[in-house]
Structures are given as C-alpha cells and as structure tokens.
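Let's have the full structure, built from the sequences with the hints guiding it.
Protein chains in written order, with our numbering: chain W, 1327 to 1830; chain V, 7 to 105; chain C, 1382 to 2051.
If you are wondering where the hints come from, they were derived from the structure by calculation, not from laboratory data.
Predicted, not measured: the structure shown is a model, and the values here were computed from it.
Among the clues, some could well be false.
[Claimed, not checked] With a cut-off of at most 20 Å between alpha-carbon atoms, the simulated DMTMM-like pairs for lysine to aspartate or glutamate come out as follows:
{"id": "1", "chain 1": "C", "residue 1": "K1576", "chain 2": "C", "residue 2": "D1460"}
{"id": "2", "chain 1": "C", "residue 1": "K1756", "chain 2": "C", "residue 2": "E1660"}
{"id": "3", "chain 1": "C", "residue 1": "K1970", "chain 2": "C", "residue 2": "D1749"}
{"id": "4", "chain 1": "W", "residue 1": "K1487", "chain 2": "C", "residue 2": "E1997"}
{"id": "5", "chain 1": "C", "residue 1": "K1435", "chain 2": "C", "residue 2": "E1905"}
{"id": "6", "chain 1": "W", "residue 1": "K1732", "chain 2": "W", "residue 2": "D1524"}
{"id": "7", "chain 1": "W", "residue 1": "K1527", "chain 2": "W", "residue 2": "D1513"}
{"id": "8", "chain 1": "C", "residue 1": "K1407", "chain 2": "W", "residue 2": "D1463"}
{"id": "9", "chain 1": "C", "residue 1": "K1576", "chain 2": "W", "residue 2": "D1733"}
{"id": "10", "chain 1": "W", "residue 1": "K1527", "chain 2": "W", "residue 2": "D1512"}
{"id": "11", "chain 1": "W", "residue 1": "K1487", "chain 2": "C", "residue 2": "D2002"}
{"id": "12", "chain 1": "C", "residue 1": "K1756", "chain 2": "C", "residue 2": "E1869"}
{"id": "13", "chain 1": "C", "residue 1": "K1576", "chain 2": "C", "residue 2": "E1660"}
{"id": "14", "chain 1": "W", "residue 1": "K1527", "chain 2": "W", "residue 2": "D1596"}
{"id": "15", "chain 1": "W", "residue 1": "K1732", "chain 2": "C", "residue 2": "D1600"}
{"id": "16", "chain 1": "W", "residue 1": "K1732", "chain 2": "C", "residue 2": "D1460"}
{"id": "17", "chain 1": "W", "residue 1": "K1487", "chain 2": "W", "residue 2": "D1463"}
{"id": "18", "chain 1": "C", "residue 1": "K1576", "chain 2": "C", "residue 2": "D1591"}
[As the list claims (entries may be wrong)] Chain C is nowhere near these chain W residues, computed Cβ spacing over 10 Å in every case:
{"id": "19", "residue": "I1369"}
{"id": "20", "residue": "S1523"}
{"id": "21", "residue": "T1534"}
{"id": "22", "residue": "A1541"}
{"id": "23", "residue": "L1544"}
{"id": "24", "residue": "A1738"}
{"id": "25", "residue": "M1747"}
{"id": "26", "residue": "Q1796"}
{"id": "27", "residue": "G1802"}
[As the list claims (entries may be wrong)] Stretch by stretch, here's where chain W covers chain C in the computed footprint (C-beta under 8 Å, at least three residues):
{"id": "28", "region": "1536-1549"}
{"id": "29", "region": "1981-1994"}
Ideal placement from N, C-alpha and C gives every residue a C-beta, glycine not left out.
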Amino acid sequence: MTIHLSILLFAPLAFAAIGAVLPHRLAPVAGLIGTLVSAFFGIALLFGFDASQPGLQYVTDDQWITALGIRYKLGVDGLSVWLVGLTTVVFAASALWILVRPVPRARGFVFLMAVAEAAVLGAFCAQDLGLFVLCFDLMLVPFLFLMLGWGGPRRRPATIKMMVYTLVGSLLMLAAAVATAVLSADDAGGSLTFVLSDLGKVTLSTGTQRLIFVAFALAFLIKMPAFLLQGWMPDAYGQMPLPALAVFSAVLSKVAAYGFLRIVLPLFPDATVDFQAIIQILSVVGIVYGSAMAFTQTNLRLILGYSSLAQLSFITLGIFSLQPQGVQGAILQAVTHGLVVAPLFFVVALVAERADGSEDVRHLGGMAVRGPVMATLFVVLAFATLAIPGSANFAGEFYVLLGTFKDSVALACVAFLGVVMASVYMLRAYIRTVHNRVGHEVHGSELSLRDAAVLVPLVAAVLAFGLYPQGALSAGEQSVTGAASTLARVNAAGANGAEAQVTP
Amino acid sequence: MSIQWYLLVSALVFCIGAGGILVRRSPLVILLCLELMLNAGNLALVAFSRAHGNQDGQIFAIIVMVVAACEVAVGLGLIVAIYRRNLPVDVDELRELQG
Amino acid sequence: MSLQTLGWLILAFPLAGATIIGLTFKALPDKIHGAIGTLAITLAFVCSVLALLKLTDRPQDAREVVAHGWDYASSVGVDAELSLLIDPLSLMMCLIVSGVSALIHLYSTGYMASDRGYARFFAYLNFFVFSMLLLVLAGNFLVLIVGWAFVGAASYLLISFWYRRTTATRAGIKAFVINVVGDVGLVLGTYFIFKHTRSLDFLTTFDRVDDVFTRNQADLVAGCVLLLVGAFAKSAQVPFHTWLPDAMEGPTPVSALIHAATMVTAGVYLIARMHPLYEQAPAAADVGSVIGCATLLIAATIGLVVTDLKRVIAYSTMSQIGYMIMGVSSAAYAAGMFHLATHAFFKALLFMAAGSVISAMANLQDLDRMGGFRKALPFTYGCFIVGGLALAGVFPFSGLFSKDEILSIEFDRGGWYVVLGVLGYLGAFLTAIYTFRMIFRAFHGDPVPEAQELIDGHLHHGDPVNPATGEPEDTEVGFPGPDHHIAERAPGMKGAMAVLAVGATGLGALQIPGVTDVVHSFLEPTFEDSSLYASLEPSAAASWIGLIAGTLIGLAGIALAYRLWVQQPAAPAGLQARFAALHRFFVNKWYFDELIDAVIVRPFAWFGRFARNTFERLIVDGAIVGGTSSVVRAGSAAVRAVQSGFLRAYAALLLLGLAGLVLYFLLSSS
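Here you go:
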C-alpha cells in the first residue's frame, strides 16, 4: 500500500487550487509546478516499475462508498504504467506552453487543465469500476468548459455536439457499469462490489455480456472517436484551444482504448470474442477512411484529427486481434501516438502564429526558409506520425499488424493501406506548410527559445523512444501475456464448442 | 363518527380550491384557493392520523402549515412586486415563461 | 579492435557527422561542414577497410560475425534486437557505399559551394550514408526495415532539397510514397516468413528455412514476392520505377550517390542477402529474373528518346539495375554484386560529369540545348567517354566484365534463362546506343553559346530557371549561386572524378575469367549454403566468348550512334517520323505514370472526395448527427408546446394528472 499514486493524482489539482487564488499572471506557474511534480512521480514510476512482475503495483486500496461497494483502489500494471507516464509528461508540456504563451483568464484555464489531468490519471490508475466510470466522465467536463470559454468562433455548437455525443456514451457506460456490478453480485451471491479484481472472478452469461459489451464499446468508441461515431470530432478539433487540444488528442482518446483493455477484455471475454470481427472491420474501415479524409482536409487541425482517427483505429485493431503481439503493439502505439501528436499540435499553433492565424495549408508554405529549426522539428514529428521504421510508432504498428496478421491476413493487408496513406497525408501537410513557395500571409520567423523549451524536450523524447521502445514493451509483456492467455482460453473453448457441435 | 365524513369534506374543500385555481385569474385568489387545497389535505391527514391512532399525520399537517405560511409569504411578496412594477395582476398576462 | 566494434564504428561516424553538422549549422562556417561531412564518411570507409582486413584474417568458415547491440523491440515471441551482421556480403556493400560516398562528398564540397543550404546538404548526405550502412549491416529483418525506411526518408529529403520548387517537392513525395509501398511489401513479406520461422534474425531464419518450408510453399513464395516488392520499389524496377526519373530534381551529387551508386542497389543486396529463401522458393526468384529483364529493356527503350541529360542516365541506371536484379534472382550472386560495384563507379562518374555539364549550362539539363562541349570541358568529356564505355560494355572497361558475367551465368543455367541472356545482349546494344547518343549530342557538333563562352574563358550565368518547368527560379534557395563551380576548375570535384574514372576503367581486373576470381571467392562464405552458387560457374572459354560478343555488340551500338548523331544528324528526325507511334510510346515512358494514376491515384482521390463530400455529409453528419438531433428536436418541440406559459393550463395538467393517479389507485385497489 503506497500513497505514490494519490500524490500523482492530486498534486496538479492541489497546486492549481493554490493557483486559483493567485493573480492570473502567477496561476500558470503554480499549474506548472503541480504538473511537474506529477511528471516527476510519473517518470519515477516508469523506472521503479518491476517489469518481471505480472500483477498490480503501487496499490492503494481504501474504503470510499461502502454502501455501493465502491472502493478507492488505485494501482498500475504493465497496461497502464506507460500511459500514466505519457499523461503526466504531456500535461506538463501543456502547462509549460500555457506559461510561456499566456492565455487570457489563466486561473480558470489552469484549474480546468488540472482537473482534467487528475481525472485522466484517475481513469488510468483506477482499479474499481465505479472510480473508473467517475473519472472517465469527469475528464470530459473541463474540456467542455475549456472549449466554451477559450475556443474558436464557432465554439457553442461544437461544445453542444461534443457534449451530447459523449453524454450518450457516458450514460450507457454508467448503466453498463451498474449492471455489471449488480449482476455479478447476483451471480456470485455476495455483496455489491465494483472492484475490478472481484468482478473479474465472476463470469456473466454470454447474453448479458453482449449487452454490456455493446454499451461499453459504444462509450469507448465515441470517445476515441471511431469510424461512424466521429461526428463531434471535426467541430471539437476545430474549436478547442490548442494547449487543451494537444492533451485532448494525445491522452483522452487513449483512455478509451485503455478501457477496452482494462474493463472489456477481462470482464466480458465471451462477448469480446463474439464481437471481435465487427470491431476489427470497423477499425480497418476507420484506418482507410480516416486516412482518406486526412488527405482531403486543408485545415491542419483536421488533418491531425482524422489522422488520429486512423491511428486510434490501429490501436483498436491491435487490441481486438486478441493476440499478445497485437495488444502489446496497441499499448505501445497508444503511448507513442500521444507523445507525437501533442507536439504536433504545438507546431500547428506556431505555424498559425506565423500566418496571421490561418491553419489552412492553402495559405501556408515556405516556412523552412526562415525557420529551419522549426521545420526540422516538424519533419521529425511528421515522420514519426507516419510511423517510419525506426520510430517507436513503427514498433507499435509492427506489433499491431503482426498480431492482426496472425489473426487474419486479409485484414492486415487492408490495414497496410493505411500505412501508405499516412505517408501521403502527413508529407502533404508538411510540404504545404514548410516547403514550396512562401505563402502570401506567411511572415516566417524562427522558433523562439521559449517555444523550443516546450518542443525540443518532446521531440527528444520521441527520438529517444524511437531508439529504445523496448522499455515500454518489457513493461507490458507480463500483463499482456496474462490478458491474452485468458482470451486464448476463451477462443479455444469457443472453437472446441463449435467443433463439438459440428462433429455429431 | 366515521372517517368517511371527514374525507368527504376534505375532498369537497379540495375540489373547491382546485376549481378556484382553474377559473380565477387573480393571483391573490389563486393563493387563497391553494390554501384551501392545502387545508383539505391537512384535514385528511389529521383524520387518518386519528383513525389509525398514531401521530405521524398530525406532524405532517403541521409541516404543511409551515410550508403554506412560507408559500403565502413568497406569493404575496411576488404579488406586491408585480404591482410595484405596474405589471398586470393577472396570471394569463404573465406568461414570460412560455417555452 | 574487434570486428564488432568496427561494425559499430562504421555506423557511428556518419551518424555523428550528421548530428554535429545539424547541431552546429549556425555556429560554424560552411566550409567546415563540408569538411566534417567528408571526413566522417572517409573514416567510415577506413573502418570498412580495417574490417575487411580483419575479416580476411579469419578462416573461411568463421567469416559471419554478429554484433549484438541492445534489445530493440523484443517481446512476446518477437526477437528484435539491434544486431549487425558482418560478413563478406555486407562488408563489400560497406566498402562500396562508404568509398563512393566519400568521393561524392568530396565532389559536393565544390558543386554545392554556393548553395545556401550547404550545411543542410551535408547533414542529409551523412544521414543518408548512415541509413544505407545500417541497411547493409542489419543483422535482422527489423533493423533492415529501419535502414530501408531511413534511406527512403533521406532520399526524400535530398530529392526535395530545393524545396521551394514545387516540382522538387512533388518528386520527393512521389519517391517517398512509392518507397513506403516497398516498405510495406518488406514488412508483410517479413510477417509471412516470421509466421513459420518464428525469428527475425537473419542467420536463424536462414538456418530454419529448409526445415520449416517445403520447396515453393505458398507462404514462402508470397513472402518472397512481397520482399521483391520492397526490392523493386527501392531499386526502381517496373512497375515501381516511376519515381526514379522524377527524383532527378535533386542536386546532381544526390543523383550520383542515391540514384546511381547506393540506394537503388539496395534491392539487389536484399535479394542476395535473402538467397536461402529464394532458393527454397524458385518461383519467387523467377519473378525477380523476369521483372529485372523487363526493366532493363523498358528502361533502355525510354533512354533512347529522353532529352533530359540526367534522365537519360537515370533510365540507364534503371536498366543496369535490371541486369543486377536479373542476375541475383537467377543465382548469379557474385556477378550481380560485382556489377553493383562497377556500376557504382561508372554511374557515379557519369552523374558527376553530367553535373559538370549542367553547371556549365547554368542548371539547364536539356540535351536539345547542348552541344559542342568537347573543347570547353575536355576533362569532363574524358570522364564521360570512360563512363560511357564502361556502361556500354567495351573491353577493357569494368562494366563489360561484370555485365557479361551475369549474362554468361544465364546461358550457363540453360532452359528459359537463355532467353534472359539473349534479351540482356539486346539491352546491351540499346545501352551503347543511348549512352553515346547522349555523349555525342552533348559534346560533339557546334558549340552552343554557353560552351563558346567557356572556351573563351568565362563561365555562363543564366537567369535561374526550373529545368523541369522552365519557370523562373526562386533564387533565395537553390542552385546555382553567382559563383558556382564546374568540375574543370574545382580540384575537389576533379579529384573525385579522376578516382572514379580509374575505378570504372580498372575494376574489371578483379574478375577476369580464367585469371582472377577475387569477388567470387571473397563472397564465398556468405553463399556457401547455396547449392547454385558453386555449381553455376561458366568455363573461362565460354566467358571469353561472352566478353568478345559483348564488346562487339557495344561497339556496334556506338557505331550506330556515331552514324546517327554525328555523321547524319538529320537521320534521327527521319526515324522519329517513321516510327511516330513507337516514339510517342517511348517518350511517354510506356504510359506507366498514366497507368498508375488511373489505377491507384485516381480511385484513392475519388474515395477521399467521396468520403469528404458524400459520406461525411450524408451519413455521419446527415444520418447519425442529423438523425439524432432531429429526434431530439422533435421531442423538444412536443415538450415545448406544453410550456404555454398559462399558469392555469399548468394547474389543469397537474390536476388531471392527480385525477388520473387517484383513478388508477381506486381501480387497482378494488
């Protein structure tokens, strides 16, 4: 029992609360300190994590809502430890960004970001379904306010759209979570509990599992967003303030992917196997569709938005290959995508600043002439996003596709289309921004030192990660083998059952 | 005496109050009618309480009176405010809450 | 120093060079960057030579050394560590790559001297050499893929080096995307093989191939063909070749380095490296042979009609790589690798000489505008002749020995491979024609004004225009500046060309049939597990017959070219008119660009437009978002109607509800 994770969770919130009573000028400093404390603990977690051990580590377990059987139980294992690290780092970068380029009404902004960080970290660390649902729903609220208070000119409709969409998902998930706990308690005959490890001991009937699976899957797929459920994404990505969007895109979508791994796979294995094909096809279509959309867009934010849709589809594809390699790749991909997309959004902010606020590639061009360093950072990030071999993103994709390949060669081949298309849309965005002739409204200038302070560490992290993705893979190995072996059992049982039915 | 009579009176008073609310337009009279309905309820509560032999109903009746008093205070305050602003003292004219 | 250390050092120097140049691009003056870059590659070359000495010290059967770095991405049954494989094959590639690269760096110090992006250029070049060395030294599939892709990225950066030209950025993205297709082929091929061998490591894989695969097993053939896709994309083989001619947008040293000497030969290396797989899957190997042969002919026919100086050489590169691919696919491994080596020398030489002409023409590349440079650029002319003779395959120049070794092995193998050999000789004839067409048109005839100026002693400075489109050039970035060099006057450039010219002339001595057998015996340890390698050895007599035939064919082609373009300059126009349809077909490059456009690019673009304009609007925004919101809207409209604002209406509703409730209880209680 350690207090480690609680510090991680509440440090940003505590400092932001202090910041909320300081003048606007000082609030970002307090926010930064909070996120840095958290980042320090997050990175310490990575180093302190014992990769050879399969179970939870740094567990905190305490009474919370006794009547409902909800406990305040936190812990990390191989599935979440790198995502926790990513979250703290990305939020710290965003806090630094807010410090070097002050936003109006900074107190509110900083505080909302801190709430978001606490909620996201809570969702990653939660080992109790009730706590997870709470954090999952809570993490959205600050972003709604951030968009409404600091967003672009069309922020109202965008906020409403996003709220309605994600509210539907949240309500479904709440209902599903309650149903899981109540039905499990009924089945087991014990008292009501939301603790995941207890829920995992009970296997619900397949029919029930299916219904609950659908509710959870919808909630997660909306949040990602996945193909067909992305209606809120273009507006929200277009309107959200960039420091918030960077963390939103980098981290929030990963919580959904993580939810599949943490909640859905272990609790509803039969339903997972049943719905495997549907989700896989949805993912593959999402990959192709997202990539195709990304190269018809002209707004940089939307290019990144649809590219995230495609990348997130890779992650679901990996998870639902139900192979250890696929799951392993999905985790790595989640971390690396987050690490790459956040600085890319900062680059978008820099680009817009140099082009009278325009984020449209048709008005851009030639920025490399005056800003070679910026262009270099951009090209590193662009190559990492398109998962060039040698980047950690590629290691993730390699594993995802290897898992998929083992499961279905045809799906893997279609998914590879997405790899090729990614190179088209990312390079197109890059070329039209920093190469070609200088755009009319572009007044290029080099990266300033304060911007470099945010970008360079992140890019360095991307490079270092590319050199040594092994760390994340090792950490995940035990948990993934554990998770995948359960599924393999179910799979085998299903196959045997089918054969048994066929043979007579 | 049988409880039916009490209940009959209570129902009668309640209906008078309800009818008053439906047909009158002055907020003052509506308030009066509301009081009638509340007191009809009180009557029923006390009657039941007596019939069943426990005191819960009477306590409820007292609470209802307190609420009624508060309501009248607020209601009268509103009416005075309406009057001061030279608005029509007529509930059919006061319909800004239309959706 | 152990071999392993040397292996790491070979990689470390270019990477360090690129990093240092990149980090100090503002702090140090340009000249130093050029020196750092050249020095880094030279050191890598020195290390390669040291490694060669170490390796030859070892006994024959201990010449495969693996250097283990660290676990790169090993997990759940995938063994992907960072490991290098140092054996004769990879070391030979290292020597070629670092040696030729060092010379090209030296050349670039002069050629790019007045370019604003001088430091950037050398950083890219060093990074490219690092990637290429990583590719050839890779000890497992994953590292190979990494090197493979890095090379593609470096090539992209260098092709669109003059990034303010739209043509250059377009060529860059085209090259990169086609290379990514190749990467995908490589990765998928790896999956197919990994599925059975359960190892990514080269030596383990090769050990297990014979056990886990039967001959021509479907998965193995699929894997090998997919690896071929990777090889074809990188080596510009049909139908993945369209990026190479466009890649001539890059500065000329880039063309010499990447698009002639090193990167495009990666496919040849890949097939040679994977020979145990291909020998177990002869069907896939035959695909390679046929495509190689087709490419060598197609490229040669296009080379006959192209009028852009660099593109002629580009198509000739494609054609020569066709020979190599054909060779290594038909088990002529040493011959293919030998041709790779000689080709690296004479093709780099030709590109450098072309660069010299292009700079004399103030960046114009059109053969139609050139002529009479013989007197103006005597040294360049000499280099062109040496390179041209080596390319055309005339005794005693190096190209003849290597090319004819491939062809004589094709004949030796018998069966339908003989057809490939015959077609190879046809290709050689065409090669001789187009090579000397280029030389005669650029150097013979009356001097054009630029040439005349050079003869008179000054250097022409035209207004900078884009050679591809003719539009005025953005002068802030790009070539040439006001004081550009040409080979004749810059000692570095001249020196590099001289060394290459010596190599292009004399390298053939390594493999004279019946006399020397250096390359073949050096590569022996790598290919000792091959059943075909040892058995396919044409007799010295047969080889000499081949050499004589090759020389005669080459000379015939040169004679024809001389007749057509020097003696009767009107004749080519007449031929063009007579075979107008064929000429148009060749000029349009067999319509491959149009084909790819129609089959791949347009459908995808259409799909993108469909997704954006139709699907997103109708289904996502319309059906899902619109549907949901209209349900909500209809519901709220109904609820809104109730909110009339009439207090008494609310009261009535309330009472109605109460009455309903009472009624319900009354009914249910009775």
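Which numbered conditions among the earlier hints are violated in the structure presented, ordered from lowest to highest? 2, 6, 8, 24, 25, 26, 27
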